[in-house]
Amino acid sequence: AQKVTQAQTEISVVEKEDVTLDCVYETRDTTYYLFWYKQPPSGELVFLIRRNSFDEQNEISGRYSWNFQKSTSSFNFTITASQVVDSAVYFCALSAVIQGAQKLVFGQGTRLTINP
Amino acid sequence: GAVVSQHPSWVICKSGTSVKIECRSLDFQATTMFWYRQFPKQSLMLMATSNEGSKATYEQGVEKDKFLINHASLTLSTLTVTSAHPEDSSFYICSARGSLRGISYNEQFFGPGTRLTVL
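For the protein sequence lines, the chains are A and B, in the order given.
If you read the first sequence in the numbering used here, its first letter stands for residue 1, the second for the next number, and so on.
If you read the second sequence in the numbering used here, its first letter stands for residue 1, the second for the next number, and so on.
Treat the hints with care, as some may be off.
To be verified - Output of the computed footprint for chain A on chain B, the stretches with three or more beta carbons under 8 Å from beta carbons of chain A:
hint : segment
1    : 46 to 58
2    : 101 to 108
3    : 112 to 119
None of these hints come from the bench; they were simulated from the model.
Just so it is clear, CB atoms sit at the ideal spot from N, CA and C, and this is done for glycine as well.
The following block holds chain A by itself, in its conformation from the complex:
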């Protein structure tokens, strides 16, 4: 199966706390891509990161960091020193071949609320 699981439906923290959003995936492809998107209340998806299955290096971009572990099929996302503007729904997605076509499979999303 090609599947993405975001077990945390909602997370609420106080500003400046660190928060980690979990993502676990299943795929039978040997080459695949993983993504994280942010969806603010406006609805527009904002691309955050793409990770190739062959590249297990962790990535840091400002307050954002990503931990890719193939051994546990996880691609977790951490926001350090969270801010109110980080409040949004975050989606993890897997690019996989389904019925011969390359498609994106989205997780259920995690609604993150940062309280002042």
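Using the hints, position chain B against chain A.
Structure of chain B alone, referenced to chain A:
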């Protein structure tokens, strides 16, 4: 980077009418376009995939005759919701994949979405 636009950004219509949503790639050639639907507090669900000049491929459970998709050019795809009903009210998002300045990209670039409300 690649930009995808959608028009309109929101639409309200009466039950039984048809609504057309446009998805345009502004600065790249979109060989493949995708249409997603997102109900409140849910994830994005792929409705169909269309390749330029070909018929769209619909996901299981999506009615082809109700959601008409046309991808006649490398920069434009349209989704027409025919005889819309209140249960079709949703957020419709398109995405495009293709080539930019001669380089092919595997990732999808998303439009801002169209919020459809059927009364």
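Each hint, compared with the structure:
For the segment 46 to 58 of chain B, the stated coverage by chain A is satisfied: 3 residues place a CB nearer than 8 Å to a CB of that chain, which reaches the threshold of 3. Counting residues of the segment 101 to 108 of chain B whose C-beta lies closer than 8 Å to any C-beta of chain A gives 3; at least three are required, and the coverage claim holds. Proximity of the segment 112 to 119 of chain B to chain A, defined as three or more residues with a beta carbon under 8 Å from a beta carbon of that chain, is established by the 3 residues found.
In summary, the structure agrees with every hint in the numbered list given earlier.
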